[in-house]
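In the order they appear, the protein sequences are chains A and B.
Residue numbering for the first sequence is 1 to 406, as defined by UniProt numbering.
Residue numbering for the second sequence is 1 to 406, as defined by UniProt numbering.
Hints were generated in silico from the structure; no laboratory data involved.
Please note that the accuracy of each hint is not assured.
Since the list gives no way to pick one copy over another, a pair counts as held whenever it fits inside one copy or between any two copies.
[Claimed, not checked] Heads up, simulated DSS-like pairs for lysine-lysine below, C-alpha to C-alpha not over 30 Å straight-line:
(1) 238 x 86
(2) 78 x 2
(3) 198 x 367
(4) 58 x 353
(5) 199 x 367
(6) 2 x 238
(7) 353 x 233
(8) 199 x 55
(9) 367 x 64
(10) 353 x 198
(11) 64 x 353
(12) 198 x 286
Chain by chain, the residues:
Number of protein chains: 2
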Amino acid sequence: MKTVTCTAPVNIAVIKYWGKRDETLILPLNDSISFTLSQDEMCAKTTISISPTFKEDKFWLNGKEESLENPRIQNCLKEVRRRASKRKHESGVEGTLNWHIHICSKNNFPTAAGLASSAAGYACLVYALGQVYGIEGDLSSVARQGSGSACRSIYGGLVQWYKGEEDDGTDSVARPIAPPGHFPDLRVVICVANDGRKKTGSTIGMRRTVLTSRLMQYRIQESVISRTAAMIKAIKEKDWSEFCDLTMADSNEMHAVCQDTSPPCVYMNDTSHTVAALIHQYNDVKTASGNVNHKVCYTFDAGPNACLFVPGAVVGELLGLLMRAFPPSPTQNTDTYITGIPTQPTDLTRELKSLADEDGQPTGKLKYLIHTKVGDGPRDLTDSSASLLDLSTGLPKQEDGNGVSP
Amino acid sequence: MKTVTCTAPVNIAVIKYWGKRDETLILPLNDSISFTLSQDEMCAKTTISISPTFKEDKFWLNGKEESLENPRIQNCLKEVRRRASKRKHESGVEGTLNWHIHICSKNNFPTAAGLASSAAGYACLVYALGQVYGIEGDLSSVARQGSGSACRSIYGGLVQWYKGEEDDGTDSVARPIAPPGHFPDLRVVICVANDGRKKTGSTIGMRRTVLTSRLMQYRIQESVISRTAAMIKAIKEKDWSEFCDLTMADSNEMHAVCQDTSPPCVYMNDTSHTVAALIHQYNDVKTASGNVNHKVCYTFDAGPNACLFVPGAVVGELLGLLMRAFPPSPTQNTDTYITGIPTQPTDLTRELKSLADEDGQPTGKLKYLIHTKVGDGPRDLTDSSASLLDLSTGLPKQEDGNGVSP
Numbered sequence: 001m002k003t004v005t006c007t008a009p010v011n012i013a014v015i016k017y018w019g020k021r022d023e024t025l026i027l028p029l030n031d032s033i034s035f036t037l038s039q040d041e042m043c044a045k046t047t048i049s050i051s052p053t054f055k056e057d058k059f060w061l062n063g064k065e066e067s068l069e070n071p072r073i074q075n076c077l078k079e080v081r082r083r084a085s086k087r088k089h090e091s092g093v094e095g096t097l098n099w100h101i102h103i104c105s106k107n108n109f110p111t112a113a114g115l116a117s118s119a120a121g122y123a124c125l126v127y128a129l130g131q132v133y134g135i136e137g138d139l140s141s142v143a144r145q146g147s148g149s150a151c152r153s154i155y156g157g158l159v160q161w162y163k164g165e166e167d168d169g170t171d172s173v174a175r176p177i178a179p180p181g182h183f184p185d186l187r188v189v190i191c192v193a194n195d196g197r198k199k200t201g202s203t204i205g206m207r208r209t210v211l212t213s214r215l216m217q218y219r220i221q222e223s224v225i226s227r228t229a230a231m232i233k234a235i236k237e238k239d240w241s242e243f244c245d246l247t248m249a250d251s252n253e254m255h256a257v258c259q260d261t262s263p264p265c266v267y268m269n270d271t272s273h274t275v276a277a278l279i280h281q282y283n284d285v286k287t288a289s290g291n292v293n294h295k296v297c298y299t300f301d302a303g304p305n306a307c308l309f310v311p312g313a314v315v316g317e318l319l320g321l322l323m324r325a326f327p328p329s330p331t332q333n334t335d336t337y338i339t340g341i342p343t344q345p346t347d348l349t350r351e352l353k354s355l356a357d358e359d360g361q362p363t364g365k366l367k368y369l370i371h372t373k374v375g376d377g378p379r380d381l382t383d384s385s386a387s388l389l390d391l392s393t394g395l396p397k398q399e400d401g402n403g404v405s406p
Numbered sequence: 001m002k003t004v005t006c007t008a009p010v011n012i013a014v015i016k017y018w019g020k021r022d023e024t025l026i027l028p029l030n031d032s033i034s035f036t037l038s039q040d041e042m043c044a045k046t047t048i049s050i051s052p053t054f055k056e057d058k059f060w061l062n063g064k065e066e067s068l069e070n071p072r073i074q075n076c077l078k079e080v081r082r083r084a085s086k087r088k089h090e091s092g093v094e095g096t097l098n099w100h101i102h103i104c105s106k107n108n109f110p111t112a113a114g115l116a117s118s119a120a121g122y123a124c125l126v127y128a129l130g131q132v133y134g135i136e137g138d139l140s141s142v143a144r145q146g147s148g149s150a151c152r153s154i155y156g157g158l159v160q161w162y163k164g165e166e167d168d169g170t171d172s173v174a175r176p177i178a179p180p181g182h183f184p185d186l187r188v189v190i191c192v193a194n195d196g197r198k199k200t201g202s203t204i205g206m207r208r209t210v211l212t213s214r215l216m217q218y219r220i221q222e223s224v225i226s227r228t229a230a231m232i233k234a235i236k237e238k239d240w241s242e243f244c245d246l247t248m249a250d251s252n253e254m255h256a257v258c259q260d261t262s263p264p265c266v267y268m269n270d271t272s273h274t275v276a277a278l279i280h281q282y283n284d285v286k287t288a289s290g291n292v293n294h295k296v297c298y299t300f301d302a303g304p305n306a307c308l309f310v311p312g313a314v315v316g317e318l319l320g321l322l323m324r325a326f327p328p329s330p331t332q333n334t335d336t337y338i339t340g341i342p343t344q345p346t347d348l349t350r351e352l353k354s355l356a357d358e359d360g361q362p363t364g365k366l367k368y369l370i371h372t373k374v375g376d377g378p379r380d381l382t383d384s385s386a387s388l389l390d391l392s393t394g395l396p397k398q399e400d401g402n403g404v405s406p
């Protein structure tokens, strides 16, 4: 039996992926750029065992046994095994390719929070498969076939996913463009919205936008191309103010083409829009006092949660502002409302207090905040105690609190 | 003393006006098309008196004395007087042009409902000025200088506002393109949302969109031009299904460019989006049973209220659906919730019941519904009892319930 355990991060796009040119290979209509987030606060974890004694392939996800028949998982598995078989003479994996596989995955962050867990999940699965079969080289194009944005979670820091030109998708890969510390002391605050509304899944939503939105044609052919170039320039020049403006513009444009879809795909809700308005007002205050490096920016994926990029120097102030504008529910205290990197919300100036009060919401509009930072790519955990599978049986550990019975 | 009393209708655009090419003359960046609504349910009413004995110009709006210094009112007044003076020898208005003027205006529909009252208000003001000074010919380009969309309220039925090409705006006029009964037995249901959020005024919003939205460039240069042509074809051919699709697409596109604005202009709220989604689902049911002529469409102006165009054959069903999906607040009954043309909501099929329940909202998300229809242009009321001004004093009538003290 051979066992590996890996973790992989979540990533948040600042130039958004919305729309495919190939549904099966998951090839996007435009390049995208993302920040990979720290695995200390949010990550997917996967243990893979292969053994000649296993009777069949098995898969457990978040404590529940699932079918491995999912075509996206099968595509990833097939592609990794194909790559492994091409170099089986050097690597000594010959034979192991015929062994059955046990896969156990879970996310360490709350599910049902609307946080794209599939990116971290597929990046982790593919990275762990790569480790178990001894694959070298880029795995981003494999992860892409599990979930498009998963390819960006294969690397840390700032990552660009190239849409590529080839029909077979071989050049639709992700590459790091700046290390995690590129914008020094940058923090990330995720505002998890308490949302009761139904969603349109992003696969269906993207398809519908591509088919029905006229504005999408302009986004793809003109707008996002020039914005991506401007974003790369802003990143290279560490122009934080420009980076913020481009990030908010691209988030707004993505949600605009979703609104321009028939029927419309609506992901932001009233709370999301109130957070966005508050950030613009906060930036007005900072800009008026000349602190453009204290600018905060928001971005929203296909869900109501705001992801805020915040210079470390103002994170305490921002947390104070959010707590005042979006008071926690009566059953929460500061510690359960602000999770992640421990930071006390700082006292607000009179100006910021009145700003928060102006946008003030009833309690409970946000479930909680996750305070995290930018981080590195997937990790291979050498500590065998981290394994989600029992190293003797290859079945999920009972003591893991997984609630999985072997 | 000479006195006239006129009423003028509200209009609802199906191809939206959003963005000016000239802020002072109020010249739009694109053509727009609207339905003029019946004055039985919603209208503006204006009485104008001119007299050689008046000491000064005076203006009362919704029961409150206001300054006439507003530059938009002054522009309308100046332009009407200029036209009158050009033909003073024929019309015998010479002399009266120097008399002071008393203007008293009010809306017969609830204020603070977010229903564009300025279109009806300025159309009424300009139409009444035209009557009092004996102006003949088109007044739409004068009304336009009060409030852009007011020019469309100068005519009944379906109206097109041509953006025009001239710098002086002389060809930016409205013209009827089909009479009120063009789509026979068409009804209109306005869903007035109970909205607590702040708005961006449309003048500021339009300016911001034109300056910051990249998608707006495409809307103006490509999208809205071809959609306007398609809309005129659909209207001429009485293709109701196509008319509905184009109306919803243009509303969605307008709100998309608003979302693409920096900072975003957000006019629709969670309730608005739920109404829109319900209409799409209702249409799916109707289309599945082959009734494309029973299709309903929505359009949203720069506010959260849905305006629905509904074939008369299904208006009872739609009212039933809305009442079930958006139950009135506990203090309301059906009569205070559904205002306007009296119609009983009909019983729903099991399919529609479950559709309403799926989207079901807490009570009070909508304030009330206004059930109305398409109507004609401004009217000159010959019945002197309709006057808002006392015919002997030229001051607001006390018995009018205006709350105006003379």
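Structure-based check of all given hints:
1. 238 x 86: neither (42 Å within a copy, 64 Å between copies)
2. 78 x 2: within (19 Å within a copy, 89 Å between copies)
3. 198 x 367: both (17 Å within a copy, 23 Å between copies)
4. 58 x 353: neither (54 Å within a copy, 43 Å between copies)
5. 199 x 367: Both. Shortest intra-copy (18 Å) and inter-copy (26 Å) distances satisfy the 30 Å Cα cut-off.
6. 2 x 238: neither (44 Å within a copy, 70 Å between copies)
7. 353 x 233: Neither, since 36 Å and 54 Å both go past 30 Å.
8. 199 x 55: Answer is neither: 39 Å inside a copy and 63 Å across each miss the 30 Å cutoff.
9. 367 x 64: Within one copy only: 25 Å inside, 46 Å across.
10. 353 x 198: between (33 Å within a copy, 18 Å between copies)
11. 64 x 353: neither (46 Å within a copy, 35 Å between copies)
12. 198 x 286: between (36 Å within a copy, 22 Å between copies)
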